Amino acid sequence: MIPADDTTRPRPGTVGPDGPTVDFDRAATTPLRPEARAAMAPFLAGRYGNPSSAHALGRDAMRAVDEAREQLADLLGCAPSELVFTSGGTEADVHAVTGGIPTRADRVVCSAVEHPAVLATVTALGGSTVAVHRDGRIDLDALAAELSSPGKVGLVSVMAANNEIGTLNDLAEVAAVVAEHAPGAVLHTDAVQAAAWLDLRRVATPAALVSVSAHKFGGPRGVGALVVRSGTPLRALLPGGGQELGRRSGTTHVAGIVGMAAALSALDRERDEVVRRVSRLRDRLESELGAVPGVVPTVASSTPRLAGTAHLLIDDVDSEPLLFLLDDAGVAASAASACASGAAAASHVLAAIG
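Take the sequence shown: its letter number 349 is residue 1149 in my numbering, and every next letter is one higher.
Just to be clear, a hint being listed does not mean it is correct.
Here are the computed distance ranges between Cβ atoms for each label pair [unchecked claim]: (1) A854 to P1104: 45 to 55 Å; (2) P831 to P1039: 33 to 43 Å; (3) A856 to E1120: 54 to 64 Å; (4) V1092 to D1127: 17 to 27 Å; (5) E1120 to L1045: 40 to 50 Å; (6) L1045 to Y848: 21 to 31 Å; (7) V1131 to L1045: 37 to 47 Å; (8) D1116 to T829: 29 to 39 Å.
Source of the hints: derived by calculation from the structure; they are not laboratory data.
Note that this is a predicted model, so its numbers are computed, not measured.
For glycine and all other residues, C-beta sits at the position ideal for the given N, C-alpha and C.
Make a model of the complete structure from these sequences and hints.
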């Protein structure tokens, strides 16, 4: 109960200027970091140039984009020329899957628990899905069998971390299976959820294509990136002015790109400490809630997973009314991916893990 004279916290069921009382839905989005806000401010005011313009205002914008590109490339473990800016994670995923297939006749394969941006695209291309284990990690034996079946595989997409249950895949192991059973196939990883918690310079290097989205790690919405390793062909998804070395047309989102670089740089400096602290809080939350009869963590605590994700199953309780009650109490939580919230269908991730 909030005292009548307490104006510092939002009323139950409402959102104050600083957000809800408790936000347990940071997998859906994150608040803009102050470092990103400060970096973006000049480019939302006087430094509003289009980097494609040759005059001083445009050159100033291009310098800012180039500096942000170099900064992000260092943080993502790639060369600046290997970075393609996008409107977010969905575009990066769709571009990778549709544009990264060596030839259109090749088959595409993904895990059964991918984000809908990947899953729907693979389905539209007539591709196939691979089963996962009970903990959500891809079944490498099933992957090997699928890659060995008739038809040349051109691209394999396996997410670095699941956006609903937080399970991590070992991309080095996945890459080894792909190299053995589908030599020449391109490996893409959706690292949108992973980027806030894992150092992609270490975990994502086996992938030729890597998708990230700024708003998942304290950057602005509407901007993301696709890492395209040197030598990996990528057909343009959007025709037009030929920006991003002809790989992605459209006026460059200068403020967004600068904000994304500032956010990831700030996060990188504190990631290790944050992961340790949040892991302890997650474990405590799961332990205390797990002591309640009928409440069971979806995946075992020993499963490699993101520090910031806790997923619980509650016997004989429908998630929708529970979430309404939490919302009325000032707690933001979710029972599914933000992209699926409000959809009638059950979680495809939970269906895949049984």
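Could you work out which earlier hints the structure fails to respect and list their numbers in ascending sequence? Checked against the structure, no hint fails, so every one of them is satisfied.
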